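Asks: Chain A is already provided as a structure; the job is to place chain B on it using the hints.
Taken in sequence, the protein lines are chains A and B.
With positions in the first sequence counted from 1, the corresponding number in this note's numbering is that position plus 2.
With positions in the second sequence counted from 1, the corresponding number in this note's numbering is that position plus 1.
Note that these hints are calculated values from the structure, not bench results.
Given the structure is predicted, the values throughout are model-derived calculations rather than measurements.
Certain hints may be false.
As the list claims (entries may be wrong) - Derived contacts from chain A toward chain B, CB cut-off under 8 Å, selection only:
id, residue
1, Val7
2, Pro13
3, Gln16
4, Tyr21
5, Asp38
6, Leu45
7, Asn50
8, Glu57
9, Leu76
10, His78
11, Leu86
Said to hold, decoys possible - Calculated from the model, a selection of chain B residues having no Cβ within reach of chain A, i.e. all distances over 12 Å:
id, residue
12, His32
13, Ser104
14, Val317
15, Leu397
16, Gly403
Positions of the beta carbon are idealized from the N, C-alpha and C atoms, including for glycine.
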Amino acid sequence: MLLIVCPHCGPRDQVEYAYGGDAKVRRPADPAAATDAEWSAYLNERDNPAGEHDEHWQHAMGCRRWIGVRRNTLTHEVVSTWALQPAKTA
Amino acid sequence: MKYSFFSLSRNAVNYHRDWPLAWRSPAPKPHYDVVIIGGGGHGLATAYYLAKEHGITNVAVLEKGWIGGGNTGRNTTIVRSNYYLTENARFYEHSLKLWEGLSQDLNFNVMFTQRGVLNLAHTLADLENQARRGNAMRLNGIDALALNRQEVASMVPALDLSPTARYPILGGLLQPRGGTARHDAVAWGYARGADARGVDIIQDCEVTGIRRDGNRVLGVETSQGFIGVGKVGVAVAGHSSVVAGMAGLRLPIESHVLQAMVTEPVKPMLDTVVTSDAVFCYVSQSDRGELVIGGDIDGYNSYAQRGNLPVLEHVVGAAVALFPAISRLRMMRLWGGIMDMSMDGSPIIAKTALDNFYVNCGWCYGGFKATPGSGWCFAHTIAQDRPHEINAPFTLDRYTLGRAIDERGAGPVPWMH
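In isolation and in its complexed conformation, chain A is listed as follows:
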């Protein structure tokens, strides 16, 4: 069982989260100007490392915010988590 620390809510069980995949994928800044190869690389190609992997998770059953998670794909250890958006101030 993964225990993922939501930067907004604290440590929560993996069942509260939805997986969002590789966090290093960058959408081309100007999609209309991207070549087919660049667009395909964005959509389809992945590093897929055996080891530490930066990924997006959504705290779907909690604050519903997307967070960043560094996780080891060989051991399932959650190395660190971080907020993707700055916390709202009142």
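Replies: This is chain B only, laid out in the frame that chain A set:
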């Protein structure tokens, strides 16, 4: 030595002390015409068909562990070709036809039993979808039978067919020629067949690097030294991205863990394979009486060969809801395998941007049933330096060209296929 009634009888007289080893364990030669990385079912089948169909026998299969110790030994042994899309239907049907003659071809009993594969329909939409898929299968020359509720009930009485069932059953789609095979025997049979034709099977030999000169691969660095190559084929399933990365290639692949399990053995209660796409659970009974149960991937990148409890709980819950009688069985074993999930849920058997480097990957959940067809097509692709028409659609560049073969219609989200 050919296995036959005569050889069995003769060795029985000698108390089975004189059987020769089924394959050699040679030291690697400095150079091979073809090196296959990965000694699972697909790699061994590729070597076998390279030798048998194309006469290329100066071949090595490099395996970092022991043959068949990866996903070949970690699946639920289901064989079927009940696909909707024509590309998939043609490929998997070709594979199924090879399965039907495989034990005779290999002179090794792979225990392929065509006990049928039954997909359950739980809703009217399921029934309509199955009618569509069944018709597509028949148009492609594949056997398919739509069953109503009574026919499912008489075929699999252990299912919960009551109107108040957690997952009501309205009917099903049966592929009678589908079934199961003995996974270890497939690896061993192909290994023995390839070895007999001169292929070197080198176990405990991990590839640690790939030496390139421009667009050509010169050889592979391994834990047993450098091996020069004419051509390299990669058939390493979950580790495809890692090995392709050694050659500087990025693949449209993510690795995910899929769990499967077996219960304690019971008397015969299930003589077919029952699957449910809606609850994502598939159940069959092994020759030893264990119920073999598999389900969905855990849903995040993993190379760990073990999964987590939430998905396990879901799969077991679904199996118990479908078969209430198994609720008190104990689990004997639970394991995880690393799936090479492709971006459209379909495999890749193709040339790459490098001149003499070929990949066989993206098998998602479906690698075991594809073993003979995969090896057959991959051998053709390597030997002829071009794909056979059966695997021609399964290229690497189909994603860029917009020709994805997306059976489920999920898009480039590997954990959804």
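Asks: Take the hints in turn and mark each one as holding or not.
Replies: Cross-check of the supplied hints:
no.	hint	in the structure
1	Val7	16 Å, violated
2	Pro13	16 Å, violated
3	Gln16	6 Å, holds
4	Tyr21	5 Å, holds
5	Asp38	5 Å, holds
6	Leu45	5 Å, holds
7	Asn50	4 Å, holds
8	Glu57	7 Å, holds
9	Leu76	5 Å, holds
10	His78	5 Å, holds
11	Leu86	17 Å, violated
12	His32	29 Å, holds
13	Ser104	36 Å, holds
14	Val317	15 Å, holds
15	Leu397	10 Å, violated
16	Gly403	9 Å, violated
Violation of the numbered hints given earlier is confined to hints 1, 2, 11, 15 and 16; the remaining hints are satisfied by the structure.
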